[in-house]
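> Guided by the hints, dock chain Y onto chain X, whose structure is given.
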Amino acid sequence: MKFRAAAIALAFLANVAGATVLPPVAYNGSVAGDELYTLLKADPMFAGLSKDLVGCPIVLRVTHSFVMTAGGKASGLASAIWSGGTLGLLPVVTNNDLVITYEVLVNGTVLTTYAYQRNFTRAVNIWANDTTYGLGKDGLEWAKGTVTQFVAQAAKDPKLADLASEYQFYFGAPSN
Amino acid sequence: MRGLKVGSVVTATLLVVTLLKVAHAANTLPPGVTIPKDLKLPVDVSVAAYVPSHFRKERFFPRDLGYWVEPGKALDDSLGAVLKQFFTKAKLAGSDDSEPNGLLIVLHPKWDTEAGTIRLTFKYQVYGEKAAVLLEGERVFAAPVKAMNLSKSFYNAALGASQLVAAEVVTKLRPDSAKYPAVNKLVDLDPKLIVDREHPVATGTGFFINAAGQVMTAAHVLHDCAYTEVKRDEQTFGSRVVASSLLLDLAVIDTGTPATKFLPLRKDAELFIGEPVANVGFPLQPILAASPNLTRGNVSSRGALTGSKGQFQFSAPIQPGSSGGPVVSDGGELLGVTVSTLSAAPLLEQGALPQNVNFALDAKYAAMFLRKNSIAFTEVPANPKGDMRLGNEAALATVVRLSCYQ
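Protein chains in written order, with the numbering used here: chain X, 41 to 216; chain Y, 21 to 426.
It is worth saying that the hints were derived from the structure and are not from the lab.
There's no promise every hint is true.
What the hints assert, rightly or not - Computed list of chain X residues with no C-beta within reach of chain Y, every gap over 12 Å:
1. P64
2. D74
3. P84
4. D92
5. R158
6. L180
What the hints assert, rightly or not - Across the chosen pairs, the derived CB separations fall in these ranges:
7. D116/Y / G125/X: 55 to 63 Å
8. Q375/Y / G125/X: 53 to 61 Å
9. K60/Y / G95/X: 53 to 61 Å
Keep in mind that this is a model prediction, so the values were computed, not measured.
We treat Cβ as the ideally placed atom computed from N, Cα and C, and that holds for glycine.
One chain only, chain X, in its complex shape:
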């Protein structure tokens, strides 16, 4: 058992040693900034993530957009009419695709991009205080889940590995 545990530990260490660890990266997010930032920073690859590095050459930009679907457009219009007709007592029900996009920029140029998209139906009450950044409860939970997908893909991205290697060549190993 001891041998097996040691083998697992060694395999883990080998994996960590081979993983890309990015140098300091400035964070710039358009939605759920605190939630996504905390999740990203918890991953060793983005341990150097910071909201304060205004001059950092490397930036992780996380943005969101809504893509309207044909069905969502029609039902959303009807729902808006209903909601308006009841002075907001009925919620506006919308259906569209939420897209969360992760971009790594180097000195303002996009180096690599990952986008995740899912369809959501949301009921928005215009009188209620929305704590989900307009994403809806399910949308926010899903958006947080995209962090895992992004980190897994970013870890295998040769462009990011090259960037980390180039950074080390010029500026030494990141201390984070």
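Coordinates of chain Y only, in the frame set by chain X:
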């Protein structure tokens, strides 16, 4: 209950109408445009379409709307769909695409807004073998603005304009793979033919770094250029990128023409805070005349913005277009390469106006970059006996203006 039933019927009707409209848009041509009945779409020919990359990446974030509006994506998606509809094999490609195709279509878009519409104008040329122009023209399509979905409005305008161009190509050329075999490559076309020479997408500054005529500049000046023109006095040269680093924001291009004067780097790149420097560039083109603009200042700090790497701060004034210019000591040694300035807009909101806070990449990193890429350069020790005239002359004698075209 009756109200709910009426609502359901209205919703269902709107849903069906919308679905029908979407299906209709993808398969029909704009009003007044027809394809000869004997032409079957897609026609059997391979096509590569070039659109300047800055149009394909265009997007903006109106704060009032709270979401990204993406004209670039609209252009890509609509043009991609139309190409697929009209040609058996087609793709959007960059100017460096090396895949052979039957027809090469070069498209230069222009967006306008007018009276509640978004309008796209496509200027286009179609090239065949030996860069022969088979067809050229201009087509315009306007789509109504949809405040709820601006990206869709851009998409509709681009869809219509793309269909107009594609319809003209198939109608006038009646292409097929026998008539236009796949032997033409975008990369083989003279870049000067495909770019918009009247409107550079960016201008900047560079300087000769060795006698072979290689020019150092900031990498962002050359970003996505299909053709970069180098101009010194009345001479103009084409160029090719030899090495580039996004991380340092540094690049070297080759003009292929020997240079009689070039800038040496200061050995060991030691910086003295407060030492006087000259900065030369070609800012604010074409508002200012195309003659080198020299400003003077000091090395203000060895550091730059929080989190920046390899940069120092200097006070010689710079403007858009100064990027890539040399920061030169009075001894005539290169101390750094101009890369950026402190943006005034966000600080103005806080009541502060930054003055002459400019940043250059330290020549120490330029030397590392040159060694890494085996590019020849010269290093000289700091010349303590230099004076203003010597530094100015060294900078002025080596700078070139760079114009980036797509």
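> May I ask you to test the hint 55 to 63 Å on the CB atoms belonging to D116/Y and G125/X?
57 Å, holds
> Should the label of P84/X as a non-interface residue stand, given a Cβ cut-off of 12 Å to chain Y?
Fine: 20 Å to the nearest Cβ keeps P84/X off the interface.
> Would you say the C-beta atoms of Q375/Y and G125/X sit inside 53 to 61 Å of each other?
Check passed, 57 Å falls within 53 to 61 Å.
> Can the suggested window of 53 to 61 Å be confirmed for the beta-carbon pair K60/Y and G95/X?
Check passed, 58 Å falls within 53 to 61 Å.
> Beyond 12 Å from chain Y, beta-carbon-wise, is P64/X?
Per Cβ check, P64/X is inside 12 Å of chain Y; nearest 6 Å; violated.
> The output says R158/X does not contact chain Y. Does that hold with a beta carbon cutoff of 12 Å?
Holds, because the least Cβ-Cβ distance between R158/X and chain Y comes to about 16 Å, which exceeds 12 Å.
> May I ask you to check that L180/X keeps its beta-carbon over 12 Å from the closest beta-carbon of chain Y?
Correct as stated: the minimum Cβ-Cβ distance to chain Y is 15 Å, above 12 Å.
> Is the Cβ of D74/X farther than 12 Å from every Cβ of chain Y?
18 Å, holds
> A cut-off of 12 Å on Cβ-Cβ distance, and D92/X was said to be off the interface with chain Y. Does that hold?
For D92/X, whose nearest Cβ neighbour in chain Y is about 7 Å away, the distance does not exceed 12 Å, so it is violated.
In the structure shown, a violation is registered for the earlier hints numbered 1 and 4, in ascending order.
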